[in-house]
Amino acid sequence: MKKLLSLRTFLLIALTLPGLLTGCASGPVQAGRATPLPLPAPTRTPPAPVSTPQVVTLVANPSLVAASTQATGAPQPQLATPQPVESSATPAGGVTYAPDDWRSLPVIPTVSDRARAIYQSGLSQGNHATAFSKIGDCESQAIWYLTDFDHGPTAYSLGPYGYLQQVIDYFPGSFDRVSMAAKSSFNAASLMNPLWADHSACQPDESPLACEVRIWQPSLALVMLGTNDTPRPANFEGNLRKVLDYLVGRGVLPVLATKADDLEGDGSVNATIAGLAAEYDIPVWNYWRAMQPLPQHGLLPDGAHLTNGPNRFDDPKAMQSGWAVRNLTALQALDAVWRGVTRK
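Residue numbers (the working numbering): 8 to 351.
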């Protein structure tokens with residue numbers, strides 16, 4: 008009987024074992040963060056009326072900007088690539104894209120009526136308007152992913168993107184928080200398997216995703232998966248559906264991100280992500296597109312990890328790094344979705 012149980016446990020682990028040879032196997036170790044503990048909830052403030060500034064969208068080629076975008080005369084930062092383009096406010100309705108068109112999707116998402124309904128449903132269930140969660144692998148856990156924005160203005164420079172200070176101020180505590188659902192080598196299956204939960208903080212038989220939602224009660228979730236799913240791409244869609252069904256069922260609005268790498272070689276994982284975003288009518292942050300103009304597409308020689316650079320968005324050299332562009336576009340995506348779900 009013991010041998011049978013051991014075999015069953017081994018099979019469960021094997022089925023959800025993240026791809027140890029892909030995105031997060033060789034990433035830097037995050038000192039002091041191996042065993043995250045539940046943190047107190049952030050200061051909760053009622054949603055304030057939201058004004059709509061100009062949204063700066065990074066694109067690989069300015070000619071690819073949607074017809075609705077327009078120049079505003081606002082100061083343009085002198086960056087080599089990607090070139091920022093001032094665009095109009097977030098459209099009122101979401102746009103459905105064919106999965107084959109994912110490469111041309113805008114970097115910054117739009118918000119549909121259904122997405123707003125998911126968000127409002129979550130607030131009625133007790134989710135916190137001023138909290139979001141980071142969902143993913145080591146690059147969603149890393150201390151250099153959004154962390155600086157909880158450390159005050161001396162830790163970053165927004166430069167021409169000063170309007171993003173509003174979204175930073177609105178979500179205190181979420182940027183630096185260690186998510187229960189972001190861990191080195193995680194894939195989509197890991198998020199739903201209690202074997203991968205932090206047992207010092209999570210309840211028995213609670214998955215990492217369920218643990219995160221229970222503890223933090225976020226209204227939004229930045230979801231970046233797929234790199235560690237490339238060894239078994241056929242399983243990715245079904246596993247990601249489970250993640251989305253869980254979040255949507257609890258009123259947490261997922262913001263799905265495409266990934267920067269193409270370890271599978273044919274872009275099929277990003278096509279799946281974009282297809283599910285269209286099917287579920289939820290925001291998609293096309294991070295892959297923002298990375299294309301960067302040297303080596305913002306990736307280290309392993310083709311998976313990002314190149315490092317400080318969050319100095321007025322520094323042309325910093326803006327040639329994968330991490331600076333990821334953090335900028337993550338803030339822009341969060342800002343666009345926040346404004347989209349809270350606008351009257």
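Because the hints were derived from the structure by calculation, they are not lab data. These figures come from a predicted structure and were not determined experimentally. Mixed in with the good hints, there may be bad ones.
Stated by the list, open to error - For lysine to any residue, the following SDA-like pairs were computed, each having C-alpha atoms within a straight-line distance of at most 20 Å:
{"hint": "1", "residue 1": "Lys249", "residue 2": "Gln299"}
{"hint": "2", "residue 1": "Lys249", "residue 2": "Asp273"}
{"hint": "3", "residue 1": "Lys249", "residue 2": "Lys324"}
{"hint": "4", "residue 1": "Lys249", "residue 2": "Asn200"}
{"hint": "5", "residue 1": "Lys324", "residue 2": "Ala162"}
Outcome of the hint check:
For the suggested pair lysine 249 and glutamine 299, the alpha carbons sit about 30 Å apart, so the restraint of at most 20 Å is broken. A distance of roughly 24 Å separates the Cα atoms of lysine 249 and aspartate 273; the hinted pair therefore is violated under the 20 Å criterion. For the suggested pair lysine 249 and lysine 324, the alpha carbons sit about 40 Å apart, so the restraint of at most 20 Å is broken. At roughly 11 Å between alpha-carbon atoms, lysine 249 and asparagine 200 fall within 20 Å of each other, so this suggested pair holds.
As the CA atoms of lysine 324 and alanine 162 are separated by approximately 17 Å, the hinted pair is consistent with the 20 Å bound.
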